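One-letter residues, chain by chain:
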Amino acid sequence: DAGVIQSPRHEVTEMGQEVTLRCKPISGHDYLFWYRQTMMRGLELLIYFNNNVPIDDSGMPEDRFSAKMPNASFSTLKIQPSEPRDSAVYFCASSPRDSQETQYFGPGTRLLVL
Amino acid sequence: AQSVAQPEDQVNVAEGNPLTVKCTYSVSGNPYLFWYVQYPNRGLQFLLKYITGDNLVKGSYGFEAEFNKSQTSFHLKKPSALVSDSALYFCAVRDNIRTGNNRKLIWGLGTSLAVNP
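Read top to bottom, the protein sequences are chains A and B.
Residues 1 to 114 in the working numbering are what the first sequence spells out, letter by letter.
Residues 1001 to 1117 in the working numbering are what the second sequence spells out, letter by letter.
Rather than coming from a laboratory, the hints here were simulated on the basis of the structure.
Model, not experiment: these values are computed from the prediction.
From the three backbone atoms N, C-alpha and C, an ideal C-beta is built for every residue, glycine too.
Accuracy of the hints is not assured; some may be wrong.
Calculated pairs, DSS-like style, for lysine-lysine (alpha carbon to alpha carbon, straight line, at most 27 Å) [claimed, not checked]: (1) B:Lys1069 - B:Lys1058; (2) B:Lys1049 - B:Lys1069; (3) A:Lys68 - B:Lys1104; (4) A:Lys78 - B:Lys1104; (5) B:Lys1077 - B:Lys1049; (6) B:Lys1077 - B:Lys1022; (7) B:Lys1077 - A:Lys24; (8) B:Lys1104 - A:Lys24; (9) B:Lys1104 - B:Lys1022; (10) B:Lys1022 - B:Lys1069.
Taking beta-carbon pairs under 7 Å as the criterion, some of the chain A residues facing chain B (in silico) [what the hints assert, rightly or not]: (11) Pro54; (12) Pro96; (13) Asp98; (14) Glu101; (15) Thr102; (16) Leu112.
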């Protein structure tokens, strides 16, 4: 298996622009998670899905952030408009139903908002 | 409130020496505990977990962790450290407040392990 795939791996954009991050989970995994990692706040869970349905979005910072999972093999995290404080590494992870919470992480997208 | 604490930001150890990375937790109900490792510019990788059973859990790359219920700790250990073990280590516990199909983990802030040759 190729593991969790994220694109792009690096993104540099200017403040105010829309940013879309993409994730392909491991085939057969029922759960998908979006995390943000910064030096200041560590690893933060933004949102997670079960069978394409959002379960907990309490970690989404504000209305500028949105996430979708239109099917079992694809999810997006969108930031519109982006701000410099959104600069971070964004991870996607997936988990199978019977894994007892073990999560498999993608390589991350490093976002820099200028 | 449920929480995970990794009291050390950084741990330094000489190659060949034993290493310990500390983790304590506070959670309602039975804890599900995890250790993950993050190498530079990579995503997190699962190392090991404690769900139930033997308090000593063995995982990948020769790591093990000991669950201590009375001390609410889950310290990560390795008998002989390698330079290649240098990485960021995260402890996590399942959020037990939410029920149903909850899969949320509560994460520590991470401990940077440096193994010196």
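We went through each hint and held it up to the structure:
1. B:Lys1069 - B:Lys1058: Answer holds: B:Lys1069 to B:Lys1058 is near 17 Å, not above 27 Å.
2. B:Lys1049 - B:Lys1069: Distance of about 15 Å is within 27 Å: holds.
3. A:Lys68 - B:Lys1104: 18 Å, holds
4. A:Lys78 - B:Lys1104: 21 Å, holds
5. B:Lys1077 - B:Lys1049: Status holds; Cα separation ~13 Å.
6. B:Lys1077 - B:Lys1022: Holds, at roughly 9 Å.
7. B:Lys1077 - A:Lys24: 33 Å, violated
8. B:Lys1104 - A:Lys24: 20 Å, holds
9. B:Lys1104 - B:Lys1022: Satisfied, since the Cα-Cα distance of roughly 22 Å is no more than 27 Å.
10. B:Lys1022 - B:Lys1069: Holds, at about 14 Å.
11. Pro54: Check failed: Cβ of A:Pro54 comes no nearer than 12 Å to chain B, outside 7 Å.
12. Pro96: Hint on A:Pro96: violated, closest Cβ of chain B at ~11 Å, above 7 Å.
13. Asp98: Hint on A:Asp98: violated, closest Cβ of chain B at ~12 Å, above 7 Å.
14. Glu101: OK, holds: A:Glu101 within 7 Å of chain B, min 5 Å.
15. Thr102: 5 Å, holds
16. Leu112: 14 Å, violated
Of the hints listed earlier, those the structure fails to meet are numbers 7, 11, 12, 13 and 16, in rising order.
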